[in-house]
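**Student:** Chain residues, written in single-letter form:
Number of protein chains: 2
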Amino acid sequence: MSAVASAPKGLEGVVAAETEMSFIDGQKGILEYVGIPIGELSSNSTFEETVFLLWNKRLPKQNELDEFTQNLRKRYELPKGMEQRVTSLPKTAEPMHVLRTLVSSLAMYDSDPNANDVDAAQDKALNILGHAPTIVAYFDRHRRGLDLVHPDTSLSFAENFLYMLNGEKPTETMARAFDICMILHADHGLNNSTFTTRVIISTLSDVYSAITGAIGSLRGPLHGGANEGVMKMLNEIPTVDDAEAYIMGKIQRKDKIMGFGHRVYKTKDPRATDLQSLAKKLAEDTGNQELYAKSHIIEQVMERELGAKGIYPNVDFYSATTYHCIGLKLDLFTPMFALSRIGGWAGHMLEQLADNRLYRPKAQYVGAHDQPYVAMSDR
Amino acid sequence: MSAVASAPKGLEGVVAAETEMSFIDGQKGILEYVGIPIGELSSNSTFEETVFLLWNKRLPKQNELDEFTQNLRKRYELPKGMEQRVTSLPKTAEPMHVLRTLVSSLAMYDSDPNANDVDAAQDKALNILGHAPTIVAYFDRHRRGLDLVHPDTSLSFAENFLYMLNGEKPTETMARAFDICMILHADHGLNNSTFTTRVIISTLSDVYSAITGAIGSLRGPLHGGANEGVMKMLNEIPTVDDAEAYIMGKIQRKDKIMGFGHRVYKTKDPRATDLQSLAKKLAEDTGNQELYAKSHIIEQVMERELGAKGIYPNVDFYSATTYHCIGLKLDLFTPMFALSRIGGWAGHMLEQLADNRLYRPKAQYVGAHDQPYVAMSDR
Numbered sequence: 021m022s023a024v025a026s027a028p029k030g031l032e033g034v035v036a037a038e039t040e041m042s043f044i045d046g047q048k049g050i051l052e053y054v055g056i057p058i059g060e061l062s063s064n065s066t067f068e069e070t071v072f073l074l075w076n077k078r079l080p081k082q083n084e085l086d087e088f089t090q091n092l093r094k095r096y097e098l099p100k101g102m103e104q105r106v107t108s109l110p111k112t113a114e115p116m117h118v119l120r121t122l123v124s125s126l127a128m129y130d131s132d133p134n135a136n137d138v139d140a141a142q143d144k145a146l147n148i149l150g151h152a153p154t155i156v157a158y159f160d161r162h163r164r165g166l167d168l169v170h171p172d173t174s175l176s177f178a179e180n181f182l183y184m185l186n187g188e189k190p191t192e193t194m195a196r197a198f199d200i201c202m203i204l205h206a207d208h209g210l211n212n213s214t215f216t217t218r219v220i221i222s223t224l225s226d227v228y229s230a231i232t233g234a235i236g237s238l239r240g241p242l243h244g245g246a247n248e249g250v251m252k253m254l255n256e257i258p259t260v261d262d263a264e265a266y267i268m269g270k271i272q273r274k275d276k277i278m279g280f281g282h283r284v285y286k287t288k289d290p291r292a293t294d295l296q297s298l299a300k301k302l303a304e305d306t307g308n309q310e311l312y313a314k315s316h317i318i319e320q321v322m323e324r325e326l327g328a329k330g331i332y333p334n335v336d337f338y339s340a341t342t343y344h345c346i347g348l349k350l351d352l353f354t355p356m357f358a359l360s361r362i363g364g365w366a367g368h369m370l371e372q373l374a375d376n377r378l379y380r381p382k383a384q385y386v387g388a389h390d391q392p393y394v395a396m397s398d399r
Numbered sequence: 021m022s023a024v025a026s027a028p029k030g031l032e033g034v035v036a037a038e039t040e041m042s043f044i045d046g047q048k049g050i051l052e053y054v055g056i057p058i059g060e061l062s063s064n065s066t067f068e069e070t071v072f073l074l075w076n077k078r079l080p081k082q083n084e085l086d087e088f089t090q091n092l093r094k095r096y097e098l099p100k101g102m103e104q105r106v107t108s109l110p111k112t113a114e115p116m117h118v119l120r121t122l123v124s125s126l127a128m129y130d131s132d133p134n135a136n137d138v139d140a141a142q143d144k145a146l147n148i149l150g151h152a153p154t155i156v157a158y159f160d161r162h163r164r165g166l167d168l169v170h171p172d173t174s175l176s177f178a179e180n181f182l183y184m185l186n187g188e189k190p191t192e193t194m195a196r197a198f199d200i201c202m203i204l205h206a207d208h209g210l211n212n213s214t215f216t217t218r219v220i221i222s223t224l225s226d227v228y229s230a231i232t233g234a235i236g237s238l239r240g241p242l243h244g245g246a247n248e249g250v251m252k253m254l255n256e257i258p259t260v261d262d263a264e265a266y267i268m269g270k271i272q273r274k275d276k277i278m279g280f281g282h283r284v285y286k287t288k289d290p291r292a293t294d295l296q297s298l299a300k301k302l303a304e305d306t307g308n309q310e311l312y313a314k315s316h317i318i319e320q321v322m323e324r325e326l327g328a329k330g331i332y333p334n335v336d337f338y339s340a341t342t343y344h345c346i347g348l349k350l351d352l353f354t355p356m357f358a359l360s361r362i363g364g365w366a367g368h369m370l371e372q373l374a375d376n377r378l379y380r381p382k383a384q385y386v387g388a389h390d391q392p393y394v395a396m397s398d399r
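These protein sequence lines are chains A and B, in that order.
The numbering used here puts the first residue of the first sequence at 21, with every later residue one more than the last.
The numbering used here puts the first residue of the second sequence at 21, with every later residue one more than the last.
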């Protein structure tokens with residue numbers, strides 16, 4: 021039909037951007053942020069430091085980290101007028117629709133929302149990163165009919181979010197577990213929502229538009245929505261003893277099994293390895309051993325049956341158990357993914373703005389040509 | 021570095037989707053919707069019929085058009101509770117931020133916002149198409165401190181919008197001119213916002229997420245925002261006699277000249293041809309002959325100086341004069357583009373859902389590997 025070769029569907033395998041943020045070797049199961057193995061970061065770093073790393077391509081000195089953290093904490097509270105926009109929302113709304121809408125609305129409380137130079141873009145990204153947890157926590161308390169818990173700027177990102185959500189300060193283990201989840205989900209190559217961010221900002225639109233679009237992408241069940249699917253599956257299995265039969269049934273019926281397989285990884289997702297130890301420990305601490313045991317059996321059966329095909333647990337699989345143990349409701353799993361990934365989206369946006377070219381691919385027209393406009397009376 | 025070949029920057033020339041909606045021949049200056057030349061549609065069709073055509077790949081019979089139109093008119097009024105969300109917005113907000121935010125919020129007033137089968141997706145698209153003009157008109161009256169004018173379901177899409185905006189029914193010429201603008205902007209291959217729609221919906225996310233993302237893309241100055249730039253340029257030229265010197269100055273300084281050149285067209289954009297006649301007539305009817313005369317001189321100078329390089333007027337160039345003559349304020353130009361393009365976005369979304377594959381390209385990592393996590397004390 022055309023002289024132009026079509027790209028593979030879904031642009032699979034097509035390199036559509038350069039990055040200095042995350043490196044993924046899907047065969048070997050390696051993930052690095054700015055060259056540092058993900059396991060090193062989840063063991064030693066914090067979410068705040070990781071975001072600094074992604075945005076600046078190096079680890080901060082103490083004074084830089086302090087400044088970055090203070091700058092972020094200043095954004096914990098919502099702009100005047102925004103709180104009422106949260107508490108006037110229908111309580112039945114899905115948190116991802118809430119987050120997308122209210123992140124979008126932040127532009128209207130910014131006196132210069134469209135500024136796109138490096139400093140301004142980073143400032144607006146920090147704005148979104150600081151406000152987003154508050155939006156989610158306020159909405160969750162609003163729908164539960166509880167008083168809002170205002171942010172505490174003496175707390176870290178992870179501590180403060182759990183505090184606003186639950187009304188009490190989290191234990192150290194909980195806060196650290198949540199912080200690690202945030203580190204692990206922060207960036208992952210040109211996944212769909214990150215690609216969305218780059219596509220939108222490439223029109224030289226604004227930070228709010230780009231991140232709003234990314235949240236919309238992430239909520240899809242083929243992307244961030246998958247961690248909810250894992251939890252639903254675990255809830256369908258009555259006891260640990262039923263886990264093997266349940267999963268064998270799914271394999272035999274060739275059902276999609278949530279939390280397994282990934283376009284990129286052909287071995288175990290390195291984030292799943294980290295999350296597995298975390299989930300195990302948290303499950304013991306919180307009396308959720310059953311849940312962890314079910315997950316572990318599923319992983320073993322899957323490896324035995326489908327490991328040879330390169331179908332292994334992905335990041336969603338053990339994050340479901342982890343989030344459940346932290347006490348998060350099912351429909352907050354994907355928003356948690358979003359809170360963390362704002363770090364990655366913003367970093368890619370900064371890279372795109374630094375060397376921008378409008379994304380404008382071609383569509384192949386496959387219909388008829390030169391058709392007449394047939395008058396209504398002749399149709 | 022890698023065995024994978026990188027795509028051209030901005031995915032230029034890469035075929036990333038198939039469509040049966042619009043066909044563009046940028047060399048010959050042809051644009052067809054479902055095979056029908058755009059000039060035939062702007063002369064004979066209406067926006068409602070054009071949207072039916074794009075979504076169904078055929079012209080409707082009378083009863084089908086009646087049903088479609090009635091179905092759309094039912095959505096003119098906003099859901100209960102939404103009106104207050106418009107009138108509580110900061111009056112200084114930019115209408116594109118308002119439109120993006122409130123289209124996003126429509127999901128929260130839909131009892132089943134995530135349904136994605138063909139019927140549901142089409143229904144939600146109609147919801148957005150019906151509500152979007154009301155959002156824009158309500159906000160514009162709110163910021164002007166005027167009472168809202170509620171929609172009149174006896175009026176066409178074009179008539180009703182101008183009625184809600186101005187508080188009086190438009191003349192036939194005005195309504196027809198606006199309707200033609202809506203037809204001309206409805207679809208245009210895989211432009212950035214349409215691509216955004218497809219990328220987002222490919223995660224099997226929802227219609228509200230996809231269209232919200234597209235609005236964010238369209239507001240960028242390299243995309244839908246360009247028509248505002250044309251008007252600003254025209255306003256910078258004091259009189260018709262200054263037009264040639266002004267534009268020659270820009271050419272000599274190699275400034276970007278808004279409204280000229282297009283990634284796809286290497287000749288005059290066929291939509292610009294249609295808009296030019298429209299702009300000329302409207303300018304005469306509304307006493308804006310100066311404005312049209314300036315535009316016409318700019319086009320002539322540009323053709324003489326840069327026509328050989330394939331730099332010709334694009335759709336933004338004469339739409340600026342047209343919208344100005346209709347009485348639209350500058351910051352409503354891009355929202356008008358959005359109202360129309362919802363038709364195209366939704367059509368592409370329906371095509372994507374019918375044969376979906378997750379968009380998930382690759383990023384080329386260009387940084388260092390295997391870096392240590394250096395302890396804070398050693399940095």
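Check before you lean on any hint, since a few could be wrong.
Unchecked claim - Derived CB-CB ranges, DEER-like:
(1) VAL386(A) x ASP398(B): 58 to 64 Å
(2) ALA374(A) x PRO392(B): 44 to 50 Å
(3) SER174(A) x PRO258(B): 56 to 62 Å
(4) VAL260(A) x ASP132(B): 50 to 56 Å
What the hints assert, rightly or not - Restricting the straight-line Cα-Cα distance to at most 25 Å, the calculated cross-link-like pairs of lysine-lysine (PhoX-like) are:
(5) LYS100(B) x LYS111(A)
(6) LYS77(A) x LYS100(A)
(7) LYS29(B) x LYS77(A)
Derived from the structure by calculation, the hints contain no laboratory data.
Ideal placement from N, C-alpha and C gives every residue a C-beta, glycine not left out.
**Student:** It remains to establish, for every hint, whether it holds in the given structure.
**Tutor:** Quick rundown of the hints versus the structure:
Taking 58 to 64 Å as the suggested C-beta distance range, the pair VAL386(A) and ASP398(B) conforms, at roughly 59 Å. Judged by the Cβ atoms, the range 44 to 50 Å given for ALA374(A) and PRO392(B) is violated: they are separated by roughly 26 Å. Separated by about 58 Å at the C-beta atoms, SER174(A) and PRO258(B) satisfy the suggested range of 56 to 62 Å. The supplied range of 50 to 56 Å is broken by VAL260(A) and ASP132(B), whose beta-carbon atoms lie about 35 Å from each other.
Under the criterion of a C-alpha separation no larger than 25 Å, the hint pairing LYS100(B) with LYS111(A) is consistent with the structure, at around 15 Å. For the suggested pair LYS77(A) and LYS100(A), the alpha carbons sit about 34 Å apart, so the restraint of at most 25 Å is broken. For a cut-off of 25 Å, the pair hint linking LYS29(B) to LYS77(A) stands: about 22 Å separates their Cα positions.
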